[in-house]
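Chemist: Sequence:
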Amino acid sequence: MLDSKFVRENLEAVDAAMRSRGNFWDKDEFVSLDAARRRVIGELETLQSQRNATSKTIGELMKTGLQQEAEAAKEQVRSINAQIEQLEAERAEAENALDALVMAMPNLPSDTTPYGQSENDNVEIRTWGSPTVFDFAPKAHWDLGPELGIIDFERAVKLAKSRFILLAGLGARLERAIINFMADTHAARGYKEWWCPILGNADTLTGTGNLPKFEDDLFKTTNGMYLIPTAEVMLTNIHRDEVLDAAALPLHYCAFTPCFREEAGSAGRDTRGLIRVHQFDKVEMVKFATPETSFDELEGMVADAENILQLLGLPYRVISLCTGDIGFSAAKTYDLEVWLPSYNGYKEISSCSNCTDFQARRANIKYRDAAAFKGTRLAHTLNGSGLAVGRTMAAILENYQQEDGSVLLPEVLVPYMGGITRIG
RNA sequence: GGAGGGGUGGCAGAGUGGUUGAAUGCGGCGGUCUCGAAAACCGUUUUGCGGGCAUCCCCCGUAACGAGGGUUCGAAUCCCUCCUCCUCCGCCA
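Heads up, the first sequence is in the numbering used here, so the first residue is 21 and it goes up one at a time.
Accuracy of the hints is not assured; some may be wrong.
Derived BS3-like pairs (lysine-lysine); straight-line CA-CA distance at most 27 angstroms [as the list claims (entries may be wrong)]:
1. Lys-178 to Lys-240
2. Lys-181 to Lys-233
3. Lys-181 to Lys-367
4. Lys-94 to Lys-83
5. Lys-47 to Lys-25
6. Lys-76 to Lys-94
7. Lys-233 to Lys-25
8. Lys-367 to Lys-25
9. Lys-159 to Lys-181
10. Lys-47 to Lys-178
11. Lys-159 to Lys-367
12. Lys-181 to Lys-240
13. Lys-25 to Lys-394
14. Lys-178 to Lys-159
15. Lys-212 to Lys-47
16. Lys-233 to Lys-386
Ranges between beta-carbon positions, derived for each pair [stated by the list, open to error]:
17. Ser-182 to Ile-61: 50 to 56 angstroms
18. Gly-288 to Leu-67: 54 to 60 angstroms
19. Val-51 to Asp-389: 33 to 39 angstroms
20. Gln-96 to Thr-132: 58 to 64 angstroms
21. Gly-285 to Ser-52: 29 to 35 angstroms
22. Gly-288 to Met-123: 26 to 32 angstroms
23. Asp-141 to Leu-428: 34 to 40 angstroms
24. Asp-48 to Ala-390: 18 to 24 angstroms
Just so you know, the hints here were simulated from the structure itself, not pulled from any lab data. Backbone N, C-alpha and C define an ideal beta-carbon position, used for all residues, glycine too.
Generate the whole structure from the sequences, applying the supplied hints.
Modeler: Right, dumping it as structure tokens:
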């Protein structure tokens, strides 16, 4: 969430930023709600001050036995309280309205985020490798998987519903191999690994910006909990309501979890295969940093995600998302897109974002640096996929497929597959 | 699931209705002393919001003692609900 004081004092700049993101917030409503709230608070606190002063004298009057005067003062406070009660209601109303408006506002884009309206305006930063060339007609992973007997789409529908996946035999093992390879690789590069709940409460989902605006994207339980759409939610909220020591920053965390997404509104998109499903595995990276270093940390995080693709030998490109395409909480986002022969193009496999203080303000994540400043400041949070496991499997199957329908395995995965070098 | 006992400032720990945002101790920070350090001594030590001043410094007000509601002129202190921790019993991967 944005700082409403900052919004008030930088109205035009914020307005421009919102429009660059295609977010049509109501500037005038903000101004009037903010003014109303401050007026009510002013009046309310004046009355509270009067009440406190009068109450104090009541105690003294009663000690000195001046019952009559005390009763008169009590009556006076009662009438003040009646006014306070009404103003409290007004304040709650004003704050709720302002809160709803501000909570619906996305983060301000970084200066370095390219301006643009849609994904067509994203900027390619670099590519690694080149699109895989075949001297036969390559198959899509949704054909390869069933043919090899390692992905069972039909039974997954029977067990759950469409857009769920059932892996069999070496497919299930490959899933585990990819997870372990990714988690081990990040851990070796300094990321502390966590294992976390995959159900979160409303405060947790609010902290990362998933609630209240994107509730429809989440699976909910009957007791008011939510299945996490990504481990980012848990890793970021680990330090909710905490003050971190600047000397400990940056913190580099990672975790493997299943991820659950309703995919409301994406019916008809990527309907086949492993690309867009309700449940998938992901190894996630999260960082906590100071404002001074967070953008450098973002570059480092992208490099760590790229490292996985390079070790797997999968061609990819890095793009910088434009203002119109970055996510709600992000100030700057790089997407890694892996080459997918079935799409004859690149497909997102990782998204790395600097959320600056946007999540930290919601989640109350601060840090202290006694030598540099008094008090506390909001930390910056970053998150990135490292990587989406299902899409990685799809990319491996498609890019490593052989003419005979078998699939070679990337060398780095062989130890995780118990020495198996080929499926099929 | 049953019974009982707790949740106070970075930590420990007082405080059962009236200048208590909160004693005391520890820790932290600043200073005195010292060649330096330790010890000792002195001072200081939360955050949100509103306003002033101003621009990272201070002042005023207000709110916050797990969360929310209630009683009262006034609540950390009394009542209710919820959350959570601990102990014992039961159940269980």
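Chemist: Compare the structure with each hint and give your call.
Modeler: Hints versus structure:
| no. | hint | verdict |
| --- | --- | --- |
| 1 | Lys-178 to Lys-240 | 21 angstroms, holds |
| 2 | Lys-181 to Lys-233 | 26 angstroms, holds |
| 3 | Lys-181 to Lys-367 | 24 angstroms, holds |
| 4 | Lys-94 to Lys-83 | 15 angstroms, holds |
| 5 | Lys-47 to Lys-25 | 14 angstroms, holds |
| 6 | Lys-76 to Lys-94 | 11 angstroms, holds |
| 7 | Lys-233 to Lys-25 | 22 angstroms, holds |
| 8 | Lys-367 to Lys-25 | 40 angstroms, violated |
| 9 | Lys-159 to Lys-181 | 25 angstroms, holds |
| 10 | Lys-47 to Lys-178 | 49 angstroms, violated |
| 11 | Lys-159 to Lys-367 | 16 angstroms, holds |
| 12 | Lys-181 to Lys-240 | 16 angstroms, holds |
| 13 | Lys-25 to Lys-394 | 20 angstroms, holds |
| 14 | Lys-178 to Lys-159 | 25 angstroms, holds |
| 15 | Lys-212 to Lys-47 | 42 angstroms, violated |
| 16 | Lys-233 to Lys-386 | 24 angstroms, holds |
| 17 | Ser-182 to Ile-61: 50 to 56 angstroms | 51 angstroms, holds |
| 18 | Gly-288 to Leu-67: 54 to 60 angstroms | 57 angstroms, holds |
| 19 | Val-51 to Asp-389: 33 to 39 angstroms | 35 angstroms, holds |
| 20 | Gln-96 to Thr-132: 58 to 64 angstroms | 59 angstroms, holds |
| 21 | Gly-285 to Ser-52: 29 to 35 angstroms | 32 angstroms, holds |
| 22 | Gly-288 to Met-123: 26 to 32 angstroms | 30 angstroms, holds |
| 23 | Asp-141 to Leu-428: 34 to 40 angstroms | 37 angstroms, holds |
| 24 | Asp-48 to Ala-390: 18 to 24 angstroms | 42 angstroms, violated |
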